[in-house]
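Given chain A, put chain B with the ligands in place with the hints provided.
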Amino acid sequence: MNEAAMDPREARPSSFAFERSDRVLILAHLGVAYLALFIGAAAGLLQGLQRTGFIKLPTPLGYYQLLTAHGVALALIFTTLFIVGFLFSGTAKTLDGRLYPVDRVWAWIGFVMMVAGTVIGLITILTNDATVLYTFYAPMKATPWFYIAMALVVVGSWLSGAAIFTAYARWRRRHRGQVSPLFAYMSVATMILWIIATLGVAIEIIFQLIPWSLGWVSHIDVGLSRALFWYFGHPLVYFWLLPAYIYWYVNIPQVIKGKLFSDSLPRLTFILFILYSIPVGFHHQLNEPGIGAGWKFLQVVLTMTVVVPSLMTAFAMFATFEMAGRAQGATGRFGWIRKLPWKDVRFFAPFLGMVMFIPGGAGGIVNASYQMNQIVHNTLWVTGHFHMTLSSSVVLTFFGISYWLVPALTNRKLTWKANNIGILQSWLWFVGMLLMTVPMHIVGLLGEPRRTAFTTYNDSPAVQAWLPYWPVMGIASIFLFLSTLLFLGTVIYLWWFAPRLETAAEYPIGEARDTSHKTPMILERWPLWISITAALVLIAYAVPIVDMIQNPAPGSPPIRSW
Amino acid sequence: MHLHRYEKIWLTVGLLTLIVFIIVLGINAFAMGAQPPSDAQVIDPTKVSQTPPFDQPGLKQLGNNNYAADMTAFVFGYAPNRIEIPVRSTVTFNVTSKDVVHGFEIPGTDVNMMIVPGLVNSATHTFTKPGDYLILCNEYCGAGHQLMAAHLVVK
Ligand code: HEM
Ligand SMILES: [Cu+2]
Ligand SMILES: [Cu+2]
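Here the protein sequences come in this chain order: A and B.
The opening residue of the first sequence carries number 1 in the numbering used here; numbering runs sequentially from there.
The opening residue of the second sequence carries number 1001 in the numbering used here; numbering runs sequentially from there.
Calculated from the structure, these hints are not laboratory results.
There's no promise every hint is true.
Covered stretches of chain A (in silico footprint by chain B; criterion: 3 or more residues with CB under 8 Å from a CB of chain B, positions within the stretch not fixed) [said to hold, decoys possible]:
1) 217 to 227
2) 281 to 292
3) 297 to 308
4) 373 to 379
5) 552 to 558
C-beta: ideal position from N, C-alpha, C; glycine also.
Same shape as in the complex, but just chain A (with noise of 0.2 Å):
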C-alpha cells in the first residue's frame, strides 16, 4: 500500500479552501503566537533550571524578569493570538466559507494592536522596567508603558471579538430563523466570555494603573485594584480553556470519523461557562484581607457549580469516541477504542492533554475548596496545578490543531512523517509536563512557595524536604524545551516546506448525529445570557466592591522594589 491510500486525513477530500485575505489573517496571528510561545519557552527553561539550583542566571538577566516575560509571552499573548487565529478560521469555514471586508477591518486593526502591545511590553521586560510579573499586583509600579502595552492588547482582543461578532451577525440576519453553526456559535460565546471578563481588567489598568503610574494620581487602592484583576483572572482560564473545547467538541468528531453528540448540549454546556466563570474571582483572593468571609463562600459555591458543564464535557467525549468507534464496526464493551485513530497527532495531541485535565481538574477542586485553599495558596502546587491544565490540556490541544491548520492555510501536505514527529513531541511534552508537575504538586504540599528564585532560606530545615524533587523538575524543563523546538520545527516545515496539495487540505468539523431534537433557539438569545451573567455578576460583586468604593483602605504611594 502506498503512503497516499492509508492516509485517513485525505478519505474525506473537501472542496472548501480558504480565501487569500483569510490565511494571511489567520497566519499573521498564529505567526505571532509561535513567536510568543518560543520566548516563553526559552524563558520557562532557564527558570527551570536556575529555581532548582542547576544554574546561575548572567547577572543582567533576573529571575524575576524572565518569569514575568514568562507569563506575558505565554499566558496572555500566546494563547490569545492562538486563539483568535484559530476561532478566525473556524468562523470563516463555517459561516460562509469566507470573512467579509468589516470582519477583516476589525480583525486587522486588533491584530495591529495586539502585536504593539506585545512588543512594547516585551521590551519593558527587557529593559528591567517592569519586573512586576504577568499579574502586575499594585503597589508595584512598572513603567507607565507596560501598563499601556497590556490596555492595547486587550483593547486590541475585543476587536478581534467585534470582527467574530459582525460575521456572525450578517450570518444571523441572511439566515432568519435557523440555528448557527456549531463552531462560531462557540466563538461568539468564548468572545463574550472574554469581553465580559476583560472589563475588570480594563478598568484596572485604564482607570488605576495608567493614573498612577504617569503621577497623575498619588495612591492606588491596592485592595480594589486586586479585585478587579481577579474578577478577570479567572474566567481568563475559560478563555483559555473553550477552545480547547471548541476544538474537542467540533473538530475532534471528524478527525475519528464519527459524528458530534449532540448539537444543542455543547450550546448549553459554553452558556454555563459564561455564566459560572465570571462571578467567582474571589476564590483566588481566600486568604486576602479586606473581602468578607460570607462574601469569598459565595464565590466558592458558584466556582464549584462550574463542575455541572465540566461532567457534561466529559460525557460528551467519551459519548462521542464510543460512537466512532461503533460506527466503524467496534464490538464489546471497549472494542471500540481500538477504533481511535491513535497515530493521527490531530487526535493524539489533545487525546493526551484530555488525559491530563483528569488530575488537574480535581486538582483546581482542592484550590477552590475554601479552607483547603489556605494548605495550596501561592505555592508551586498551584504553578503544577496549571501547567496540568493550561500548559498541558490546553496546549496539547493547540499543537494538534497547529499540526493540520498551519498546512491547511498553506495548502500543504500534513505528511506521515511530520504527523510522527508530532506524536513523539507530544509524548515528549507530556512526559515532561509530568515530570514537571507532579513533583510542583508534591513540593507544594511541603509549602515551597510559587514565584521564588532559588533559595534555601538559610539552609532551613523546611527545605530539605524539598531537595530531592529539585533535579526532577529542573530536567523536566529540558524536555519541554526540546519538545517546543521540535513542534516549532515541524511548524516551519509545515509552514514553508511540506510538499504542496493539488486539492485543498481538509478542514474537519463534525456533523450532528442525531437531527431529530432541534436546538432551542433560545440558546442563540444573547441580550438573555449577558442579562443573567450581569445578574450573577451584581449578586457576587456589587456589595463587597461598593463596600470598597466607599470605605476605601488607604491608598498606596508607587514602589519599585527590584
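Leaving out everything else, chain B with the ligands in the frame of chain A:
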C-alpha cells in the same frame, strides 16, 4: 433539549456529590469556624511605624500559652524576624505591610495569608510540636523576595 439516560444519571450523581461537598465546606466554615483569613481592619501603609501596635512589632502575651504576634512585612523581611514561644502555645499573627503586597506562610501549618498594604490580616495557630518553623513570603515582592523570611522557635 434531549439528554441521554446515562447522561442524566451521570449528571445527577455529579450534582449530588457537589451539593454534599458544598454542605461539608459550609458546615466547616460557618458551624466550626474554619474561615480563611479575612480581616477588615485598615491602616495607612505609609504610617505603619507610627500606628500601634505596629509601632512596636513583637510578641505580646495575652494569657496562659496565648500570644499575639504583631508583625510588619516589608521588602525583604519581617519584624520581628525571630520569635520564641513555649510548645502548645496559641499565637495570633497580626500582620501588615509597609510597602508592597507580601505573603505570610509557615510550611507545615495551615498559616498562609496575603499581606496587602492598607489592611491588617490575621491567622491563629496552636503549635503542638517543638521545632524551628520557617515563616516565608510567598508573594513576589521584588528583587530580594526569595530572601524574605523569619523564624519561629517553639521550645
Ligand atoms: C517550556 C515549557 C515550560 C516550562 C519549562 C515552564 C516552567 C515554568 C516555571 C519553572 C515556572 C515558575 C515557577 C515559579 O517560580 O513560580 C512557570 C510559571 C508559569 N508558567 Fe510555565 N513553563 C512552561 C510552559 C508554559 C506554558 C506553555 C504556559 C502557558 C501557556 C505557561 C504558563 C506559566 C504561567 C502563567 C506561569 C506563572 C507565572 C507567574 O507566576 O507569574 N508555562 N513555568
Ligand atoms: Cu480561578
Ligand atoms: Cu516576597
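Right, here's what the structure says about each hint:
no. : hint       : in the structure
1   : 217 to 227 : holds (count 4)
2   : 281 to 292 : holds (count 8)
3   : 297 to 308 : holds (count 7)
4   : 373 to 379 : holds (count 6)
5   : 552 to 558 : holds (count 5)
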